[in-house]
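> Each chain is listed here by its residues.
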Amino acid sequence: MQEREVTGTHHTLFDADEMVLNMGPQHPSTHGVLRVLLKLDGETVTGLDCDIGYLHRGVEKIAESDTYAMITPYWDRLDYVAAVSNDLCYVLGVEKLLQVEVPKRAQYLRVILTELQRIASHLLWLGTHAIDIGAVTVLLYCFREREEILKIFEDFIGARLTAHAFRIGGLWWDAYPEFEKRVRDFLAIVHGRVDEYEQLLNANRIWLGRTVGIGVLPPEEAINLSITGPVLRGSGVKYDIRKAQPYSSYEDFDFEIPIGQSGDTYDRYLVRMAEIRQSASIVEQALDGLPEGPVMAKVPKIIKPPVAEVYHSIEAPKGEIGVYLVSDGTQKPYRMRIRPPSFINLQALRRLSIGHLVADVVALIGTIDIVLGEVDR
Amino acid sequence: MPAVPAAPSEAAPTPTDKAPSPPAAKPTPPKAPPPAHGAAAKPAPPPKKGPTVTVEITGDSLIDKVRQQFGAAITEAVATLGQQIVRVNKQSLVEVCRFLHDDPDAAFDMCADLTLVHWPDRKDQELDLVINLYSVSHNRRLRVKASMADGDSCPSLTGVWAGADWMEREAYDMFGVKFEGHPDLRRILLPEDWPGFPLRKEYPIEYRDNEWTDKHLDYREVDYDTSLIDVKYSERR
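Those protein sequences? They're chains A and B, same order as listed.
Mapping to our numbering: the first sequence position 294 is 1429, numbers consecutive.
Mapping to our numbering: the second sequence position 208 is 477, numbers consecutive.
Please keep in mind that the hints were generated in silico from the structure rather than gathered at the bench.
On a predicted model such as this, the values are computed, not experimentally measured, just so you know.
Any given hint could turn out to be false.
[Unchecked claim] Label pairs and their in silico Cβ distance ranges:
{"id": "1", "chain 1": "B", "residue 1": "Asp333", "chain 2": "A", "residue 2": "Leu1343", "range": "49 to 59 Å"}
{"id": "2", "chain 1": "B", "residue 1": "Glu449", "chain 2": "A", "residue 2": "Tyr1215", "range": "35 to 45 Å"}
{"id": "3", "chain 1": "B", "residue 1": "Gln337", "chain 2": "A", "residue 2": "Pro1160", "range": "26 to 36 Å"}
{"id": "4", "chain 1": "B", "residue 1": "Glu325", "chain 2": "A", "residue 2": "Glu1391", "range": "34 to 44 Å"}
{"id": "5", "chain 1": "A", "residue 1": "His1326", "chain 2": "B", "residue 2": "Lys484", "range": "40 to 50 Å"}
{"id": "6", "chain 1": "A", "residue 1": "Lys1378", "chain 2": "B", "residue 2": "Gly450", "range": "28 to 38 Å"}
{"id": "7", "chain 1": "B", "residue 1": "Gly428", "chain 2": "A", "residue 2": "Asp1389", "range": "36 to 46 Å"}
{"id": "8", "chain 1": "B", "residue 1": "Thr344", "chain 2": "A", "residue 2": "Thr1202", "range": "51 to 61 Å"}
{"id": "9", "chain 1": "A", "residue 1": "Ile1489", "chain 2": "B", "residue 2": "Leu486", "range": "33 to 43 Å"}
{"id": "10", "chain 1": "B", "residue 1": "Val324", "chain 2": "A", "residue 2": "Thr1202", "range": "27 to 37 Å"}
{"id": "11", "chain 1": "B", "residue 1": "Gly428", "chain 2": "A", "residue 2": "Ser1397", "range": "27 to 37 Å"}
{"id": "12", "chain 1": "A", "residue 1": "Pro1160", "chain 2": "B", "residue 2": "Glu325", "range": "45 to 55 Å"}
{"id": "13", "chain 1": "B", "residue 1": "Lys447", "chain 2": "A", "residue 2": "Asp1176", "range": "30 to 40 Å"}
{"id": "14", "chain 1": "A", "residue 1": "Glu1289", "chain 2": "B", "residue 2": "Glu449", "range": "16 to 26 Å"}
[Unchecked claim] Keeping only pairs whose Cα atoms sit at most 25 Å apart, straight-line, the calculated DSS-like set for lysine-lysine is:
{"id": "15", "chain 1": "A", "residue 1": "Lys1231", "chain 2": "B", "residue 2": "Lys392"}
{"id": "16", "chain 1": "B", "residue 1": "Lys392", "chain 2": "A", "residue 2": "Lys1467"}
{"id": "17", "chain 1": "A", "residue 1": "Lys1196", "chain 2": "B", "residue 2": "Lys470"}
{"id": "18", "chain 1": "B", "residue 1": "Lys392", "chain 2": "A", "residue 2": "Lys1196"}
Heads up, the beta-carbon is just placed ideally off N, CA and C, and yes, glycines get one too.
Same shape as in the complex, but just chain B (with noise of 0.2 Å):
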């Protein structure tokens, strides 16, 4: 009898002797340097382009139709995961759109979505603007993709899809592409004097700008008159 309650208190001691060594050696490596914040913002892997998902489109009417009329301007136009893809030139984006609006074999009467990318690691190709556009009456869906280096302007859409202009405007709040020719660019969705850009990569996602908060939201500490709430108190004793 005595032997079955001697082997667990035996047993246990062992545990409890291991247990506070790695505490011991522990407080050091709590010390490491603290989450370096924004300035270090995620590092992205280079772009390449997996073989089985993007492919070269060939045999495309309307694909050739634009390279013929455009030449140069189109600089790649593939499909990735069946979903057809054309690189312009900036210089050439509104002819292009305006053509692919306008062509009665194109007829992208719908801007469906504008938006940016921001790829920091690209030289001079630091922005992509990409528009996913819609042809009702095809029923066909085309995506328009320009790269643009960081502070350049790129020329408004909304010439050509008056749809593009709220849209071109949550870009510029969020990316601080100027689009020239736009009617009315402000920012839409950020405050007017917020600083900086939050979908730009270097913008860091854990931050709060104190400077800001000051000024607008009034976070001032209330202050009671407790000496009131004591003469009260005293008074109801």
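Chain A with its partners taken away, still in its complex shape (with noise of 0.2 Å):
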């Protein structure tokens, strides 16, 4: 604090200079070990700094010691809420680099799962999202639903959350007998309990007040700072990896993309619920045309793809997930670069909280929707 004369009016007296407050890496609402400094005038944030890496364990540098088929797990670890969802990234840019052909059974339980996973992730994001802002009760409810998500994972794959759910190839285990009765279980719910959050959420005056017109985030600007998932999609870009450029199979179903129009908080909020009842809506088609035959393409044992290099990206919950791998003929990647969603959207933070007061900075957090496993890798 500069010195200053106490002489004068107490206009001249309360004429605060900038405050830097520290958030974080514990507070809560910062979902993990996100370090935010804030430059405060007043209540208004004039400046922004993260202090991110807190998490970092060099998955990049580890992969180049591993094998193609070792690394997948290490995937399921950057954004733990949504493995399933890393997983699929990382394997089918392995499958492009060894130009394998994924049966289409694979490819439709690779889809439905990854939808779960989805509507699990967005479900966790409300929680804790309307948590941040105040509104305890959505939490619960929301856990409600993902534990189902979660138990139907378990008895799939073996694991709730870190899931290692697909091998190079297509899939270790095919559904089990009562995998499709516990799928149309939960979808017959679904539809209903998300009418039950809008039912909370939609009109409730707290929840207006403290997201509609906040952050807003114009197209432009979002496609410049690579923003991708729905963050994007609320400025309204309709912009969604399933159908700009299909993999596994989403060429076969029939979706909508869910945009806002203002790229407000709220907006964001009405994305994320459309795309968990499109999610919904994908997995009913993935049962309905399921088909039959293997999960598993012929891979060989050993995975020495060619000298070769490709870039993949799914459509994760978070967004734009990629991968780009250098292959130099080994059973190793000469180099392994992992696209992450929320490490690149989490720079739109400064953008969206300058002139915005410190408790709009929580909601903010919560809007991006980050994960500090990917962000920091």
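Could you use the hints to bring the two separately framed chains together as a complex?
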């Protein structure tokens, strides 16, 4: 603080200097270990800097000394609330490198699991976002439905969070006998439950006050900042990799890309709610059309891709997750780059927060939907 | 009857006789030199293009336009596994990127990914900058590459795509390449005073920087006052 003369009116007395506020890394609303440095003028944010890296484990370095099959479980631990999506990205990248055609049944099962994971991830996001803003009840309801999905995963894959769901070439196991019934039971309730959340929040005065008009991101700026996923679609850009560059048979399914109009926090909420419904519809279509057949392609035991490089990205719940693999013809990748949606979307936090109040920063961290395991890798 | 148990008992000694002899011979191999720490990184085989995977791009209107516009600055335009790659001279990188961003036929408005690859065996081209671009309006991807020598700086692309900001910071953090013109080039994932750049090939994977650890992570052994515990214990008795 600079020394000021204490003479004068109270206006000059309270003409406050800028203050630096340190938020995190243990702040509950930062969803992990994100440290945000805020420069404040009164309660208005005038500057912001993110300090990340607390969870950095060097996955890209580790990958250079592991074989292709050994790397998949590391992907579970990036975005650990959407492990199945991460697996799909990596596995598809390696399959593209190997030029392997995955059986149709495996592709459909992958779609079912990935879309269920998207619902689970969005539910976790909704619950935690609401609790950050002050609505405690929603979290309990969201976790009730998420639990159903995790139970389906547990019986299919053997794990709830760090799933290791897919293998290079397909799936390790076929669906268990009650799988279809369990998923259909879940689909029967999910639409009604989303209605319940919307009843709780859509016209809730506090919710509207905390989200409408907060953190408006115009579409051109969002694209220029490399923002992807629901944040980009909330700004009104109709970009979804499932439609733009379909992978794993997404071209077989009929679904909409929900977009927002004004690009504020409320629109991003609406987009994610609509995505839950769309995902449920995709799962239903995939179950209806689930073909018979093998779930594993013929992949050699020792995976040695040709000397090549590939970039593959998919639409994860948080945005575009991508893998850039450089193969030197050996069993281990020469270089593996993870394109992390949370990390790149977090860049927008500064742009979104400046001019808003401190309390809104909490809502804005929530609306970007970050997972620090993926930000830091 | 006696012949049956006799057979195993006779057979048994032979393996046990044989078994001790290999351990007697074994003690020498374990004294092989321990794996050299870091200095001997995995020797990368020379990169060679497989004929089936990589093909030259011909007859693509956009690539032709870029070639026409920049001539010798475009050193290579190939498609690997159907993905288009354009290699650009580092000196004209920003102009090419500016063109790819602004030109209505290209309109690569999103820098999807930016990273580096380290090739220590390449002379004067040790580092490859790899940018994956995406055009939302044309739904098209393009990879732009630029080589640079070790220790060279690289022009920053934050002026073209604001999203390159953190990706360039990460690239600097992991490879030590300075991006000229970057507004705020600091380490992003690693601590500010971290020594070395981990994703370079000479950086060892199994390695712990004791100096850094001693300085920053206070691993002091806690001194328990055992005499006090004894007193309490005796008092209780």
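> Each hint: holds or not?
Hints versus structure:
For the pair aspartate 333 of chain B and leucine 1343 of chain A, the beta carbons lie near 53 Å from each other, so the given range of 49 to 59 Å is met. Here the CB-CB span from glutamate 449 of chain B to tyrosine 1215 of chain A is close to 37 Å, well matched to the stated 35 to 45 Å. About 52 Å separates the C-beta atoms of glutamine 337 of chain B and proline 1160 of chain A, a value inconsistent with the hinted range of 26 to 36 Å. Between glutamate 325 of chain B and glutamate 1391 of chain A, the C-beta spacing of about 40 Å keeps the proposed range 34 to 44 Å intact.
The given range of 40 to 50 Å is broken by histidine 1326 of chain A and lysine 484 of chain B, whose C-beta atoms sit roughly 56 Å from each other. The hinted window of 28 to 38 Å between lysine 1378 of chain A and glycine 450 of chain B holds, with their beta carbons roughly 36 Å apart. Taking 36 to 46 Å as the suggested C-beta distance range, the pair glycine 428 of chain B and aspartate 1389 of chain A conforms, at roughly 42 Å. A hinted range of 51 to 61 Å for the beta carbons of threonine 344 of chain B and threonine 1202 of chain A is inconsistent with their spacing of about 33 Å.
At roughly 34 Å, the beta carbons of isoleucine 1489 of chain A and leucine 486 of chain B sit within the given window of 33 to 43 Å. Checked against the hint of 27 to 37 Å, the pair valine 324 of chain B and threonine 1202 of chain A passes, with Cβ atoms roughly 28 Å apart. Hint check: glycine 428 of chain B to serine 1397 of chain A, Cβ distance near 28 Å, so the stated range 27 to 37 Å holds. The hint said 45 to 55 Å for the Cβ distance between proline 1160 of chain A and glutamate 325 of chain B, and at roughly 50 Å that hint holds.
For the pair lysine 447 of chain B and aspartate 1176 of chain A, the supplied restraint of 30 to 40 Å holds, since their beta-carbon distance comes to about 33 Å. Distance hint for glutamate 1289 of chain A and glutamate 449 of chain B: a CB-CB separation of about 51 Å, inconsistent with the stated range 16 to 26 Å. Restraint check: the Cα-Cα separation between lysine 1231 of chain A and lysine 392 of chain B comes to about 30 Å, which exceeds 25 Å; the hinted pair is violated. Proximity of lysine 392 of chain B to lysine 1467 of chain A is assessed by CA-CA distance (about 23 Å); at most 25 Å being required, the pair is judged to hold.
Of the pairs offered as hints, the one joining lysine 1196 of chain A and lysine 470 of chain B holds, with about 9 Å between alpha carbons and a cut-off of 25 Å not exceeded. Our distance criterion of 25 Å between C-alpha atoms is met by lysine 392 of chain B and lysine 1196 of chain A, whose separation comes to about 23 Å.
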